[in-house]
Amino acid sequence: MHTDSIKFSPGRALIYLLLIFCALYYLIPLYVMLSTSLKSLDEIRSGNLLDFPLAPTGAAWTKAWSGACTGVQCSGLQPYFWNSVKMAVPAVLISTFIGSLNGYVLAHWRFRYSEIFFTALMVGCFIPFQVVILPMARLLGTLGIANTTLGLVLVHIIYGVAFTTLFFRNYYVTVPEELVKAARIDGAGFFMIYARIILPLSLPIFMVCFIWQFTQIWNDFLFGVVFGGTDAQPVTVALNNLVNTSTGVTEYNVNMAAAIIAALPTLVLYLLAGKYFVRGLTAGAVKG
Amino acid sequence: MASLSIKNVRKVYPNGAEILKGINLEIEDGQFLILVGGSGCGKSTLLNMIAGLETVSSGEICIGNQCVNDVPPKSRDIAMVFQSYALYPTMTVRENISFGLGIRKVPKKEQKEIVERVAETLQMTHLLDRKPALLSGGQRQRVAMGRAIARNPALFLFDEPLSNLDAKLRVEMRAEIKLLHQRLGTTIVYVTHDQIEAMTLGDKIAVMKDGVVQQFGSPQDIYDEPANLFVAGFIGSPSMNFLRGRLTRHGQGLAFTLVHEGTSTLLPLPSRFSAALCAHDGDVILGIRPEHITDALSARRLETTDAYHPTKVECCVDLTEPTGPDTMVFCTFNATRLTCRTHPRAAAQPGEKIELAFDLSKAVFFDPVTEERIG
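One line per chain: the protein sequences are A and B, in this order.
Take the first sequence: its letter number 239 is residue 239 in this note's numbering, and every next letter is one higher.
Just so we're on the same page, this note's numbering is the position in the second sequence counted from 1, plus 1000.
These are computed hints drawn from the structure, not numbers from a lab.
Among the hints, erroneous ones may be present.
The following label-pair restraints were derived from C-beta to C-beta distances [to be verified]:
no.: 1; chain 1: A; residue 1: L267; chain 2: B; residue 2: V1012; range: 37 to 45 angstroms
no.: 2; chain 1: B; residue 1: V1012; chain 2: A; residue 2: K275; range: 20 to 28 angstroms
no.: 3; chain 1: B; residue 1: R1104; chain 2: A; residue 2: G144; range: 45 to 53 angstroms
no.: 4; chain 1: A; residue 1: F190; chain 2: B; residue 2: S1239; range: 26 to 34 angstroms
no.: 5; chain 1: A; residue 1: F191; chain 2: B; residue 2: E1113; range: 49 to 57 angstroms
no.: 6; chain 1: A; residue 1: T119; chain 2: B; residue 2: S1058; range: 31 to 39 angstroms
no.: 7; chain 1: B; residue 1: G1016; chain 2: A; residue 2: T119; range: 19 to 27 angstroms
no.: 8; chain 1: A; residue 1: V225; chain 2: B; residue 2: L1134; range: 27 to 35 angstroms
Computed from a predicted model, the values in this text were never measured in an experiment.
Don't be surprised by glycine CBs; every beta carbon is placed ideally from N, CA and C.
Modelling step: build the complete structure from the supplied sequences, incorporating the hints.
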């Protein structure tokens, strides 16, 4: 917003200097990762960490994607990347949808003890992952879906619903109660009101939940390493294995490329939907 | 169209709070009922119960000949206009109006006709394809009414529909609602906290306080013969003046005696009060509306055929409020603030003395303990 003409002053210069310094501080690691991933091993050994790659090559990326060894297998990150996709997409969609329905009920169809129910759900947000590992392992074993992607999806849905319910409930309480009353008098039922009135208002909060849940589930390591077995290992676990598998030399360029590949989906999602993240968390109110 | 009867209706919340304590109201088909009262008096709760949005703890609500206690809102044949208008923000005006029709499986062609007819009635055909966010407050209000009319219900419910409008628009929309009622002839229940809306719109007014109907009657009855001190003070703007004093014998009839600045002043009462008040010797509260305390100039013009003459008292002016046709004068009298409606030319300046004429022919008297009207 323009208030009056921007004048140069020492104070303002100091602010800009500080901001530039902070930006560099956070961007340099990314720069190092990117430039290292494009260098050959010789260049890495002979040059400086901050040097620009003289002969950029995609060899490290190809190897990280399809050739690097993670333990005994040497198929790169590719299969694990798709494991992660198969796990994250359904888990994000389902947990977000359930959260949306929960939030709608808790905000607009209050029932006896609904506040207690809400509080109990909230406790779920504060339970550390480690606490549920043993009981969850028993449960997955009983259901016969241990060490499968389906099992991981289930774990992430259960864990995610607490957060998504909180997000949606707090968003939907800002939707005026009178809208729901008006729709009830107009003759709409529970699901009709959800589909025709509530859902069309929910885009920003859906985006927030998608980003939040995707980041959580994609980046999760603990559940992946415990419940993923060998077949359903997500990319985070594979990355760890890749970096820790040493056959003589440490291939820094491959490690960097692999790390970027593993982080890329969350980065892209945030770049695409990030504006909703800020907007959705601050402005929920529906006017009019 | 339908009559509405509310029999001994109570509302008790699970935590024990009794919001409505036995409401009895009855209106005929086509009447305009106003529920008026301060905030927290239970008027909106009662409206929500008529709509079916809240349950009835005990008692009976009947629309037409049908008891609707256990009928869901959508089957009650009602339509409601909310204070915030509650327009569906993601739908156009057209979709807003036809939403309820669609759910009721009205054929598409018929829906279109109804929407166009309603839009024409409310002069908003040009707004049909806009979203609510692009409408002004008055236009949103119009759409909300259109949505209600489209369904052609037996009963309209209005929940403070004008409270969010600015003063000028409120007066315009008030007139439009009244015109609409005259044209459609549908029974209306209208909740408001604004006593001017209550007076101007209603066929019947129910004045509520603390979950109890204080008085139920026509606007003029309530204005002229308030049942108790609360109703008398609530209805009418500016409010009725209350003076504490004693009833004494005065010649053939009675007089009201009060003390002002150490001197006793006697206001003789018209003879019609004698019968009602002779049993109430002693302390009473006199209620007199501002228009019955005027300057000497206006009072002289009012003295016509009636044998009764207003009593004149001299008072010191604290404050004046010119409204145009009249000037309100505020004086301290009998240890209370007195509001008088005077002719602009007769109004005195603050600090000056003014001679006020008390016309007691329309005065009312209240028991100081029970606060009920006694005459």
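Task: Cβ distance range 45 to 53 angstroms for R1104(B) and G144(A), holds or violated - done: Given about 49 angstroms between the Cβ atoms, the range holds.
TODO: Confirm or reject the claim that F190(A) and S1239(B) have a C-beta distance inside 26 to 34 angstroms.
DONE: violated (47 angstroms)
Open item on the list: Just to be sure I understand the hint, the distance between the Cβ atoms of V225(A) and L1134(B) should be within 27 to 35 angstroms; is that true here?
Closed with: At roughly 53 angstroms between Cβ atoms, L1134(B) and V225(A) fall outside 27 to 35 angstroms, so the hint is violated.
Open item on the list: Quick check on a hinted range of 19 to 27 angstroms for G1016(B) and T119(A), using CB atoms only.
Closed with: Since the Cβ atoms of G1016(B) and T119(A) sit about 23 angstroms apart, the hinted range of 19 to 27 angstroms holds.
- [ ] Could you tell me whether the CB distance from T119(A) to S1058(B) stays inside 31 to 39 angstroms?
- [x] holds (32 angstroms)
Task: Range hint compliance [Cβ, F191(A) to E1113(B), 49 to 57 angstroms] - done: Given a distance of about 29 angstroms, which is not inside 49 to 57 angstroms, the answer is violated.
Task: Cβ separation of V1012(B) and K275(A), checked against the hinted range 20 to 28 angstroms - done: violated (49 angstroms)
Task: Pairwise beta carbon distance, L267(A) to V1012(B), judged against the given window 37 to 45 angstroms - done: violated (57 angstroms)
Going down the numbered hints, you'll see the structure goes against 1, 2, 4, 5 and 8, while the others check out.
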